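Sequence order for the protein chains is A and B.
Under the numbering used here, think of the first position of the first sequence as 71, with each following residue one higher.
Under the numbering used here, think of the first position of the second sequence as 71, with each following residue one higher.
Errors might be hidden in some of the hints.
Which copy is meant is left open, so a pair is good if it fits within one copy or across any two.
Quick list of in silico lysine-lysine cross-link-like pairs, DSS-like style, CA-CA up to 25 Å [said to hold, decoys possible]:
#1 Lys-117 with Lys-352
#2 Lys-117 with Lys-453
#3 Lys-168 with Lys-318
The set of hints was computed from the structure by calculation and includes no laboratory data.
On a predicted model such as this, the values are computed, not experimentally measured, just so you know.
Spelled out, the chains give:
2 protein chains.
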Amino acid sequence: MVPSEIRALFAMVARPEVVSLAGGAPYVSALPLDAVGTMIGELVAGKGAEVLQYGSAQGDETLRELICEVMALEGVQGSADDVVVTVGAQQALDLITKIFVDPGDVVLAEAPSYVGALGTFAAYQADVVHVPLDEGGLIPSALRETLDRLRREGRRVKFLYTVPTFQNPAGVTLTTARRAQILEICAEHDVLIVEDNPYGLLGFEGEPMRALRADDPDRVIYLGSFSKTIASGLRVGWVLAPHAVRAKLVLAAESAILCPSNFSQLAVREYLLTQPWREQIKAFREMYRERRDAMLDALDQLMPDGCTWTRPAGGFFVWVTLPEGLDAKAMAPRAIADRVAYVPGTGFYADGGGRRNMRLSYCFPEPHRIREGVRRLAAVVEKEIRLRDTFGGVEHDGPGGVHTPGPGIV
Amino acid sequence: MVPSEIRALFAMVARPEVVSLAGGAPYVSALPLDAVGTMIGELVAGKGAEVLQYGSAQGDETLRELICEVMALEGVQGSADDVVVTVGAQQALDLITKIFVDPGDVVLAEAPSYVGALGTFAAYQADVVHVPLDEGGLIPSALRETLDRLRREGRRVKFLYTVPTFQNPAGVTLTTARRAQILEICAEHDVLIVEDNPYGLLGFEGEPMRALRADDPDRVIYLGSFSKTIASGLRVGWVLAPHAVRAKLVLAAESAILCPSNFSQLAVREYLLTQPWREQIKAFREMYRERRDAMLDALDQLMPDGCTWTRPAGGFFVWVTLPEGLDAKAMAPRAIADRVAYVPGTGFYADGGGRRNMRLSYCFPEPHRIREGVRRLAAVVEKEIRLRDTFGGVEHDGPGGVHTPGPGIV
Numbered sequence: 071m072v073p074s075e076i077r078a079l080f081a082m083v084a085r086p087e088v089v090s091l092a093g094g095a096p097y098v099s100a101l102p103l104d105a106v107g108t109m110i111g112e113l114v115a116g117k118g119a120e121v122l123q124y125g126s127a128q129g130d131e132t133l134r135e136l137i138c139e140v141m142a143l144e145g146v147q148g149s150a151d152d153v154v155v156t157v158g159a160q161q162a163l164d165l166i167t168k169i170f171v172d173p174g175d176v177v178l179a180e181a182p183s184y185v186g187a188l189g190t191f192a193a194y195q196a197d198v199v200h201v202p203l204d205e206g207g208l209i210p211s212a213l214r215e216t217l218d219r220l221r222r223e224g225r226r227v228k229f230l231y232t233v234p235t236f237q238n239p240a241g242v243t244l245t246t247a248r249r250a251q252i253l254e255i256c257a258e259h260d261v262l263i264v265e266d267n268p269y270g271l272l273g274f275e276g277e278p279m280r281a282l283r284a285d286d287p288d289r290v291i292y293l294g295s296f297s298k299t300i301a302s303g304l305r306v307g308w309v310l311a312p313h314a315v316r317a318k319l320v321l322a323a324e325s326a327i328l329c330p331s332n333f334s335q336l337a338v339r340e341y342l343l344t345q346p347w348r349e350q351i352k353a354f355r356e357m358y359r360e361r362r363d364a365m366l367d368a369l370d371q372l373m374p375d376g377c378t379w380t381r382p383a384g385g386f387f388v389w390v391t392l393p394e395g396l397d398a399k400a401m402a403p404r405a406i407a408d409r410v411a412y413v414p415g416t417g418f419y420a421d422g423g424g425r426r427n428m429r430l431s432y433c434f435p436e437p438h439r440i441r442e443g444v445r446r447l448a449a450v451v452e453k454e455i456r457l458r459d460t461f462g463g464v465e466h467d468g469p470g471g472v473h474t475p476g477p478g479i480v
Numbered sequence: 071m072v073p074s075e076i077r078a079l080f081a082m083v084a085r086p087e088v089v090s091l092a093g094g095a096p097y098v099s100a101l102p103l104d105a106v107g108t109m110i111g112e113l114v115a116g117k118g119a120e121v122l123q124y125g126s127a128q129g130d131e132t133l134r135e136l137i138c139e140v141m142a143l144e145g146v147q148g149s150a151d152d153v154v155v156t157v158g159a160q161q162a163l164d165l166i167t168k169i170f171v172d173p174g175d176v177v178l179a180e181a182p183s184y185v186g187a188l189g190t191f192a193a194y195q196a197d198v199v200h201v202p203l204d205e206g207g208l209i210p211s212a213l214r215e216t217l218d219r220l221r222r223e224g225r226r227v228k229f230l231y232t233v234p235t236f237q238n239p240a241g242v243t244l245t246t247a248r249r250a251q252i253l254e255i256c257a258e259h260d261v262l263i264v265e266d267n268p269y270g271l272l273g274f275e276g277e278p279m280r281a282l283r284a285d286d287p288d289r290v291i292y293l294g295s296f297s298k299t300i301a302s303g304l305r306v307g308w309v310l311a312p313h314a315v316r317a318k319l320v321l322a323a324e325s326a327i328l329c330p331s332n333f334s335q336l337a338v339r340e341y342l343l344t345q346p347w348r349e350q351i352k353a354f355r356e357m358y359r360e361r362r363d364a365m366l367d368a369l370d371q372l373m374p375d376g377c378t379w380t381r382p383a384g385g386f387f388v389w390v391t392l393p394e395g396l397d398a399k400a401m402a403p404r405a406i407a408d409r410v411a412y413v414p415g416t417g418f419y420a421d422g423g424g425r426r427n428m429r430l431s432y433c434f435p436e437p438h439r440i441r442e443g444v445r446r447l448a449a450v451v452e453k454e455i456r457l458r459d460t461f462g463g464v465e466h467d468g469p470g471g472v473h474t475p476g477p478g479i480v
């Protein structure tokens, strides 16, 4: 673990005049706060002896049953007995890595991949091997080649970590056809899959995608979270695991935190039982779609030639690739000086990749701020291009390094 | 990690006809639940955008300042910048062990010691070496002998783990004179101290004891918790650490859970800012003192000759030693059949000790239930003594083994 440069950056980003396209915080103010407050107040007053007391290490049973109903929306048929409630999906990642990974073991991850997962893998000294993705998500042929190569090299692959739907940071989604292929390739190589799915219900078109877990219950460990569909401050996530893994997870969770908070868990339970949560998710989706549109429109209109970006169909993020010779990490302080922030791509690679990339998030700022942010960013990029044309470009040969996530860039 | 026998036992203990003297759950129903509910409801309605959002990995700054005020009651002068908020003190224990302990390293712990700590030490493959205690707490001469021996053996001692005040499970408190000696011995041997102090404010007589941390800020890592002074279901604890350790703790916490729950943290912050928390702790103390008295009176009146027990001046627990030839672990199922439960002593030893011991807790049952529980327990012990006299006693040579804690036996 090393002190993160991103941390220092984020102190500056907190200034109100800066438009932050960096953070991954959901827009929780869109919740009906009065109704939620009343609900929670009555819950504590009426059931305080349970709400304020220790619970079981596995998590509240009724909540685990409700979680199964939520997962059913993406085709997952799981038993409440195989669900473990965790302190956000981050804790699930930590426990899974603790259980499976010995130092030097290989973990496969998309290139780019979620920074918080990379931080956890690094903490357990996993050797992260990236597999490229494109607009259709993880590329099956690349996965197969990587697994073949690692097998020839005699390396131990512990699992494939993937965010198949509305990926963080790339904003892309694994196609239906590829889902079947990924499952098949992992079955052939007998590799576990850790499917991290915090954004699956936040799609802007059509029905939710079918989760990988829906079609291979024995191979897939599924991570879910209420951070984006209800509220991140509750820190309630979960893992659905094959039965033998679940038992190990409960013991590891017990050792790590004794038990998750009943206060948070029963607030979620009550919310799911008494509030119109499906309608609220629909409202979130519509709000985020409007913000996604604002960002893509602004990028289309304002970004200089040579920049490309993904077009997310859900979730929080757009992944931008800068023209050759530009360095998004070196540019970040200059962007902040010009009052716009993003996350440099290097944080999402364990191998030094991502120097030409930026993650832009549209989840938190309102649409007019998103447009203003992109306007400022486009001007910064234009200046960088002029500098490159005058003084020559940057060579991308240095290591990028893994940063610990920082709650600001979830 | 092995499946815990205690877990199976606890399923039976949940039956209402059983008097449980096993659990370590605080009596949270003594809180003014209506007032707390109203406070939390208004907090969510009024500050939902903060309460329901991600926070920093280190924890809320105002809460950390308030934690310093709480610690000052036991003589601790700490800076909010050196406090890390954790998911109960259990997470602090986990993070400290993760940072300091490599497999095979020695951790010193009282004999007996807190089961949840032993579970965590086992998870990181620490070699726990016990140091005996008596009614005055950890015995300084025994600590010195143990450290001298380990030094001769060339063993690496990573830290001394101790619950100096109202110890779990023994109910004893380290005397003031011994506190100075323990600090001196650890300084001589350059050994860190992890001081776990969840019960310090729950003393039944006089002023709070002065924490070890108060007299050696550089050597002592201090763990605190609101589980017993406010409510266990919030899962808010903390660690106050020397500055260099604090930085490592924040990174480890970030990797493990991203950040602690703002929902829980700001509920505690609001409670400390707006509710009469000192008066509430006083009310808790008086309630627990009445229960302690009920237990000690009943033990004095009812327990057969040959049994001995500690006389706690605060906290939740009495530690009973059975006559020679009896086995508290073997007796536990028979006690449950006779509708009384306790925790067998073996759970509190990493080395097979504690076969003649039971932990009795008086924190949760009301006084008349405590008396009834002790009455049943005394009858069970009498039967065991008769069996021993008829068939001979048990030889205590088998290993006791470490159990993971189970939230029921905090």
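Against the structure, the hints:
1. When the C-alpha separation of Lys-117 and Lys-352 is checked against a cutoff of 25 Å, the pair qualifies only between copies, where the shortest distance is 23 Å, while the shortest distance within a copy is 30 Å.
2. Taking CA atoms no more than 25 Å apart as the test, Lys-117 paired with Lys-453 passes in neither setting, with 59 Å inside one copy and 41 Å between copies.
3. In this assembly of identical chains, the alpha carbons of Lys-168 and Lys-318 lie at most 25 Å apart whether taken from the same copy (10 Å) or from different copies (18 Å).
When held up to the earlier numbered hints, the structure conflicts with hint 2 and nothing else.
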